[in-house]
Amino acid sequence: MTDGTKLRIRPLPDGRPGIAVAGEIDMTNAEDLRAALVTAAQGDSVVVDLTAVTYLGSAGLSVLFAFVSTVRAELLVNELLAPTVSIAGLDRVARIATV
Amino acid sequence: MHSPVEAFPGDGEMAARMRAFDWPASPLGAPDTWDPGLRSAVEICLTSRFPMIVWWGPELRFFYNDAYRSLLGSKHPALGKPGSEVWGEIWHIIGPMLEGVLETGEATWSDDMLLPIARHGYREETYWTYSYSPLRAGDRIGGVFTAVTETTQRVVGERRLAALRDLGAQVGAASSIAEACDLAVAAIARAAADVAGAVVYLRGEHVFPAASTAGMGGQPTGIAGWPVEAVLRTGEPLVLGDLPERFGGPLPGGTWERPPTEAMVLPLRGETGAAPLGAIVLAASSGRALDQPYRTFLALVADQVAAALNAAAAYESQARRVTELAELDRAKTAFFSNISHEFRTPLTLIMGPLEEVRAALPPATDDALRESLDAMHRNGLRLGKLVNTLLDFSRLQAGRIEADYEPVDLGAVTADLASVFRSAVESAGLTFTVDCAALSRPVHVDREMWEKVVLNLLSNALKFTFDGGITVAVAEQDDRAVVRVTDTGTGIPADEVPRLFERFHRVQGTRSRSYEGSGIGLALVQELVALHGGTVEVDSRVDVGTTFTVRLPFGAGHLPEEKTRRARPEAPPPVQGVRAESALPYITEWQPPEANPPQVAGHARVLVADDNADMRDYLQRLLSPHYNVLLAGDGKAALDLARTATPDLIVSDVMMPLLDGLALVAELRADPRTARVPVVLLSARARAEDSGEGLAAGADDYLVKPFSARDLLDRVRANLMLARLRNHHADWRDALVNSLQDAFFVLDTDGTLVEANDAFGRMLGYPVDGAPYPMPHPWWPEPDSEDRPDVDDAVRHVMTESRGRIPVPLRHADGRRVWVDVTSTWVFDPDRQQRVMVGTLRDITGERLAGEREAALARLTAKLSEADTVADVVAGGLVELRAAWRARRAVAATWHGNDEPTVVGTAPRTTWDGLDQASRGVLAGLRLGRSLQVVTPEPTAAGAGIGISLEYADGRVAFWLECAPERTFGAEDRALLALLGGYLGQAINRAHRADQQRAVALTLQRSFLGPTDLPDGFAVRYEPAVRPLEVGGDWYDVVALPDGRIALVVGDCVGSGLPAATAMGQLRSACRALLLQSAGPAQTLTALDRFAALVPDAFCSTLLCGVLDPRDGTLRYSSAGHPPGIVVHQDGTAAPMDGARSVPLAAAPGIERPEATVTLTPGALLLLYTDGLAERRGEAMSQGIAAVSAALVGHRLAPIDPLVDAIMEEFRPAQGYFDDVAVLAYRRLGQDATRLAHSFGSTPAELAPVRQALRSWTERLGLGRQVSSNLLIAVGEACANAIEHAHRFDARRSLLSGWCDGDDVHVVITDSGRWRPSGSNPDPDRGHGLRLIRGLVPGSTIDSTQAGTTVRLRVRIDDD
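Those protein sequence lines, which keep their order, are chains C and P. Under the UniProt record's numbering, the first residue of the first sequence is numbered 1, with each subsequent residue one higher. Under the UniProt record's numbering, the first residue of the second sequence is numbered 1, with each subsequent residue one higher.
You can trust all of the hints, since none of them are fake.
Chain C is faced by these chain P residues, among others (derived, beta-carbon under 8 Å):
id : residue
1  : L1272
2  : G1276
3  : H1328
4  : R1331
Since the hints were made in silico from the structure, they are not lab data. Glycine included, C-beta positions come from ideal geometry on N, C-alpha and C.
Use the sequences and the hints to build the structure in full.
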């Protein structure tokens, strides 16, 4: 697996509450994402930066759905994943910003 | 100067190791200082795919290539080491050979050489074929070059096969279990290279004695140490890997250099499927690891031993039965001898005093008293005669009779003996002719014995003759004295003649004067005549008469000298009175009853039926003071008397000629006029079931002889009173109209039935008051019935002939078939003033059926001879049984163990669950009953039936035949079904043995077949033909070559069974070896041509051989007369591999073999197969191939395993394949600019590689970023689903395919799982999955079937 596809999760560079996610999210690593989100959810609002995510399947979407149902979050996604997020209906339950 | 890369070219491991090696530090020095000979040898070695070694220098230092690595085992790496260090354990063998090459410069060649090497941690038995060639260094020999092949598998495999054959030959050779053990163990001892030792334990009562040992020198022969009991308890084999530890030291045995360390303990399975007979310990040779093939081999050895033991056990039990029967016979003779002696004392004490009383009677004694004493006297003599006959006979059997032969005038002696019978014969109303001429010479006879011969023959003649007469004649013929006793009696049926002289055998169903007799007289005659050196023969015709002919030789040469003497000087003159007395016992009882005594008004009428005149007189004396007594001498006379003058009560003996007591009761009960007459039966048989039989037949009471006068009178009185009470109100009700017992009818000249009686109505079921019945009569069979022509013929016959008799099949009103014998006569009827036909009918259905069933037996035997599997026998047997009974329904259930039975029925697709409750109950009941017991349950409204169940080695089979409810089943039905059942049972057991042999052959074949552990993309199948032992010679093989290419072989040896399997095994090994030596396909076939010519049964085998490079998809191939392979590309274009075709192996020696190449694009499918797959009866082979090709196109996107299963399923005929089938399929995986094929397993970890493959392909295609991302997610979802679903079923792989069609890009994912419908899906992830697929790739389709799910996605290349 090359670096471009491996899942990497880091804190936001500007120090705000939230995480920046990169790489591919599937059923093998969705639980890692869930754990990171739970850890990051300290304040009222969390930013989840998904702009560097190259693959987002239903396993990852389920984690995000579960997360936004309990925590107010802003999701940043790249334009390639925008149709996926919209077809899944995530944009109806969370704030989405397409970058 | 060589750079390392130039010196050691190639990208293999060994080339890399050579380059990395620190040569300057080694004794060989830097490579650029090496001799050019060494350098070029090393270069050849490294670039070859064939295992090679270079030994160099005086120490023979070691160089080898990648192909040789695996042969080294744990010795690798060994680069540059001295040869003696690498191969120390065999240096004493190969060292001198190598030195010899160095010294002489002459090459060596070793074929299948045994080398005990230690590459896997133990000293292993290995075989090698190799050559040592000298390598020159200038003008001397610098080293040795070796090319080598390991042949261990082939050598060992052939040896094991030979051992199994040898063992198989022992089955059936032994007559006892002990002998079978010895033979089996001896055969195992001959196979000591593969079975290091064996111990057979047979199941005893408490212990398991070691019956035989081989190779183990009798060491641990007790049960101790071997887990025999555990194996017997579980029935499962155990593998032991710790023999020395277990026994505290080495065990002897085997031919290998070290004692055995591993063994298996296997059950010896019993024939009956029940407990094992015992267990066998088989020690493995320490020269080979006890791996799976070795275990399979040992299991086959155990099966063969068990088969031999089972055959011997069957033989033993047969022999035991014969001995038991002989013992029983002897005991019976001894018993009769003893009991006869015991009778004589009381008899003497009765007869002596009786004589005294008779002699002392005053002349004025009352006649009644004198008659009683006479009767006592006569019957005492008779009893004495019976006892003496039995005693004589026992003496004869024991060889203890004392003979005293003297020369006599046989004519005079015989005439004298015959004269005693004159008055008895004449008083029976018969003529008596004695024609005894004086003979020219005397004949030696024992007078007492001769008397018995003559009197027995005369007694016999008198007993069976009612009209005419008896003749005794003595004459001379062919230098023998001939005595003939001829009568005009009832005669003896031909089928009884062969048993006539058997002791205790009594001719059945023949009319005689008396039922009484022991069945011993004629047997005695034969024995006595034989003692005289003579013969006795019988010639008899039913209703004409019988002649017994005794032939005696003249002189005394044939007799023992000490028992013969001269003629008595004064032959005692025959004393007529004494003679008459001695003949009395032979002639007493069969006087016909005298005229019945006058009737007394007011007395009840009692009919007495007994064939013994004395008994009749006695009963009359007892009863006549109180009743009017009627007398009858047999059952028939009694019945006639009862019908004409109905008595108030009948006293009848059970055993009587013509009609016995039980049959008499049945006849009386069947006739309304006599149905209510009480019957008291008398019998000498005292067993409880006899009286039960009498009462069941309808008798009112049953008295056992001897009975007291008081008892008889009490019973008669009681029964008369009961009957009077019972009959009082019913007497008037049944006015008897049916004076005729036979069915009779009258036809007019048109054939219209104008009159018939009740019996006719009963026989055919039509009311007689329905007459007139015009033709066609309603009891004729339907016009289209098979019986109708017979009836039409009969009608023509009856209407045109003035009189006649003809059998006709008619239909009863209830539909059943009734065979009747029609007797017809045309007469003039004065009332009607015209001719009418008067006829009678007799029901002969029973006789006809019996004849038909004889034929059924013949048909069954013929049918069963064709069936080879248990299922065939059961199905075939069922059809014949049904036909024999004309059953409307027939079912057979076969149980193995406790599972639900396999059911076959005359209705198609009969299943156990589909059967009605009643049939299931009957079948289950049959299963629990005794084997071969015939069962006929009470008929129900649904039907009547008959069934039988049979035990066989693996379980039970029950047969059930259902007929119409009115069908009854008699003794003949039961006897026939038991007989047919016996035949079926034998056939089932025979077929079961064939099934087992087939399993052995199949196991063998599977052990020969190619690897099951296949590279990705391959699938193989083998299926044997349906007929037993039709394991054929088909095979496949997949061989990974050292350079990454893969050799593919599919072949077919001519013939079937073990010879074909053996030839196949040899061809496969040879082919494998050739391909591993880098021979191309054509070269391989050419070499095989030569090989096949030498192997029996390999001639004319067909073979398709190919070498595939999975990296670029090129396949080089050559076909030896084999059906062409098929290639189907991803876009559905099919290409038969019709190049490079030539003749079968060895068909044209020396022919040049062609070679062709085909390229498999990514995703393309290759199918190689044997003709069994494509061959269909009545179809050209090319049609079959086209059909396979079309099916392959249809399934081309399925994963490889489901695809092969679908093809096998689709082409399997309903009854199974007629010929065996081997199939090899391959899909090329990978991608190019327009095609993608990627296979993935059912773990989430496989998802990332799928995305990786797809991503790199869409980049190659130049697909837009957004559409690529959408496609990636849609495919990811489909694959995730495939993984989840496949997971639930098995570990099969799924397939991702992609290709371009113009501007369209197609992506298809196929798996073998079944997706749940999205609406009912409780898992939200999957809900997202389907929504994402449909949303991201509009127009995508998802098809889910039982076989699997297919997701089809399509995007356009210019989408963005």
